[in-house]
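Per the working numbering, residue 47 is the first one in the sequence shown, and the count goes up by one each step.
In short, the hints are calculated from the structure, not lab data.
Be aware that a few hints might be false.
Taking lysine to any residue and the SDA-like style, the derived pairs with C-alpha atoms no more than 20 Å apart in a straight line are [to be verified]: (1) Lys92 to Leu268; (2) Lys310 to Glu122; (3) Lys283 to Arg378.
Restraint-style ranges between C-beta atoms, simulated for each label pair [said to hold, decoys possible]: (4) Phe349 to Glu137: 44 to 54 Å; (5) Leu382 to Pro357: 36 to 46 Å; (6) Arg435 to Lys260: 54 to 64 Å; (7) Phe349 to Asp161: 21 to 31 Å; (8) Gly350 to Ile146: 26 to 36 Å.
Ideal placement from N, C-alpha and C gives every residue a C-beta, glycine not left out.
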Amino acid sequence: MFAIKLCTRALVVFLLFATVAVAEQPKPTVAHNDPIEVDNSLTLAKVVELTMEKFPDMAWLKSLEEEATAIKQRGESWTAGASQAGLRFQEATSGTLHYIDATVQVPLWNLGQRDAERERGIKAENSADLQSVATKLRIAGLVRGALWDMELQQVRYEQARAEINVFEQLLSKVERRVELGDLPRADVLLAQSELLQKLSILTQAEAELMHARKRYASITQLTKVPAAYQEKLVNLKKIEFSHPAFVAINSQIERKQSEIKALKLVGSGQTNLTVGVNSDRGSNKDPRTNDTESFNIGVNIPFGGSEHLQPQIAALNVELNRLIADREQFYRDLELAHHEAEHNLEVNEAELEIANELKRVAEEHLGMMQLSFSVGEINLMDLLKTQSRTQQAVLSAKERAIMLERDIALYNQAVGVLP
Numbered sequence: 047m048f049a050i051k052l053c054t055r056a057l058v059v060f061l062l063f064a065t066v067a068v069a070e071q072p073k074p075t076v077a078h079n080d081p082i083e084v085d086n087s088l089t090l091a092k093v094v095e096l097t098m099e100k101f102p103d104m105a106w107l108k109s110l111e112e113e114a115t116a117i118k119q120r121g122e123s124w125t126a127g128a129s130q131a132g133l134r135f136q137e138a139t140s141g142t143l144h145y146i147d148a149t150v151q152v153p154l155w156n157l158g159q160r161d162a163e164r165e166r167g168i169k170a171e172n173s174a175d176l177q178s179v180a181t182k183l184r185i186a187g188l189v190r191g192a193l194w195d196m197e198l199q200q201v202r203y204e205q206a207r208a209e210i211n212v213f214e215q216l217l218s219k220v221e222r223r224v225e226l227g228d229l230p231r232a233d234v235l236l237a238q239s240e241l242l243q244k245l246s247i248l249t250q251a252e253a254e255l256m257h258a259r260k261r262y263a264s265i266t267q268l269t270k271v272p273a274a275y276q277e278k279l280v281n282l283k284k285i286e287f288s289h290p291a292f293v294a295i296n297s298q299i300e301r302k303q304s305e306i307k308a309l310k311l312v313g314s315g316q317t318n319l320t321v322g323v324n325s326d327r328g329s330n331k332d333p334r335t336n337d338t339e340s341f342n343i344g345v346n347i348p349f350g351g352s353e354h355l356q357p358q359i360a361a362l363n364v365e366l367n368r369l370i371a372d373r374e375q376f377y378r379d380l381e382l383a384h385h386e387a388e389h390n391l392e393v394n395e396a397e398l399e400i401a402n403e404l405k406r407v408a409e410e411h412l413g414m415m416q417l418s419f420s421v422g423e424i425n426l427m428d429l430l431k432t433q434s435r436t437q438q439a440v441l442s443a444k445e446r447a448i449m450l451e452r453d454i455a456l457y458n459q460a461v462g463v464l465p
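Modelling step: build the complete structure from the supplied sequences, incorporating the hints.
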């Protein structure tokens with residue numbers, strides 16, 4: 047019995063010492079740790095910018111810009127394709143005549159084709175720029191979510207540490223009263239059991255915090271966070287057609303339409319202009335031959351081949367209509383996301399008021415129950431139940447305050463506003 051009591055006291059001393067050490071400098075309860083530092087020079091907008099610089103989609107965005115530049119350069123060309131040079135030599139079997147033909151063949155733009163190619167280049171460039179903005183908005187959503195999830199897990203972790211403090215103090219009081227004979231020894235075990243449960247909750251809360259930190263670091267490739275990232279609620283009541291993501295998919299549709307238009311103008315093929323020089327040379331052995339030089343010009347006009355373009359046009363139409371269908375579905379998804387963000391915001395505003403009032407009532411009730419326990423009017427189990435309800439009310443109020451800030455950020459995200 048003495049050994050059990052000694053072990054019990056050793057556990058209490060250890061827990062009290064651990065609490066003091068944590069109060070002075072919080073340390074993780076397990077070896078794994080994902081540190082995050084607060085950087086006062088950082089802003090939410092800056093974090094989004096830094097995240098985008100290292101985001102995997104940057105290679106894709108760069109290739110879109112390079113493609114647009116290549117299409118624009120083609121539209122600026124004076125010819126519709128690569129020119130060809132030809133050289134032909136012919137000699138008579140008698141060896142008395144030599145013919146040399148030199149030609150240059152230049153593909154010409156069909157009527158309106160060059161303007162269509164220029165327009166295609168402009169649409170491609172515009173689409174590349176808008177894809178960049180839409181990607182930035184998507185990244186902003188990931189950063190917003192990661193920051194507020196980390197903040198929520200931080201509050202839960204801090205609350206778990208605070209509860210450890212409270213229960214350690216309670217255990218100390220219970221032990222003193224057991225020694226004085228005011229309480230049964232079973233209450234010591236009950237208090238110890240509650241304390242160990244709180245330690246388990248703290249360990250889990252710490253694990254969730256580390257997961258949230260790692261998620262933030264994985265998304266942003268940073269180990270620093272802004273000192274403040276609260277946002278003001280924007281004054282937009284619906285999804286506008288200027289939403290960056292919606293504008294981006296519209297630009298893809300316009301680009302595909304310009305691509306189809308340019309392809310149709312190819313028609314049966316490209317008209318080719320041919321310019322040539324002929325040289326006839328005779329031998330001195332044949333007095334009838336004359337040395338002559340001639341110049342020729344010709345035009346090759348293709349016809350009857352437009353049906354060969356139809357499979358390509360049909361394939362582009364499939365892609366176009368897929369984009370149009372995606373746009374319609376995407377707009378519905380945006381409206382749904384806006385509705386949910388708006389509803390969550392309203393719900394959490396109301397819930398925060400309730401949670402704050404519940405916290406006030408619970409704390410007042412706990413004070414009364416602590417007084418009753420100290421004079422022996424209630425038992426430890428009744429006090430622990432009240433203590434648990436109060437701590438849950440305190441945590442709920444803190445969580446609701448953070449969730450409201452998070453919902454403001456998510457509402458801004460839903461309507462397409464960048465930080």
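Quick rundown of the hints versus the structure:
The straight-line distance between the Cα atoms of Lys92 and Leu268 is roughly 12 Å, inside the 20 Å bound, and the hint therefore holds. A threshold of 20 Å between alpha carbons decides the hint, and for Lys310 with Glu122 the separation of about 19 Å falls inside it, so the pair holds. For a cut-off of 20 Å, the pair hint linking Lys283 to Arg378 stands: about 16 Å separates their Cα positions. Between Phe349 and Glu137, the C-beta spacing of about 36 Å breaks the proposed range 44 to 54 Å.
Distance hint check: the CB atoms of Leu382 and Pro357 are about 38 Å apart, consistent with the given range 36 to 46 Å. In this structure, Arg435 and Lys260 break the distance hint of 54 to 64 Å, their C-beta atoms being roughly 33 Å apart. A hinted range of 21 to 31 Å for the beta carbons of Phe349 and Asp161 is consistent with their spacing of about 22 Å. Separated by about 34 Å at the C-beta atoms, Gly350 and Ile146 satisfy the suggested range of 26 to 36 Å.
Of the numbered hints given earlier, the model fails hints 4 and 6; all others are met.
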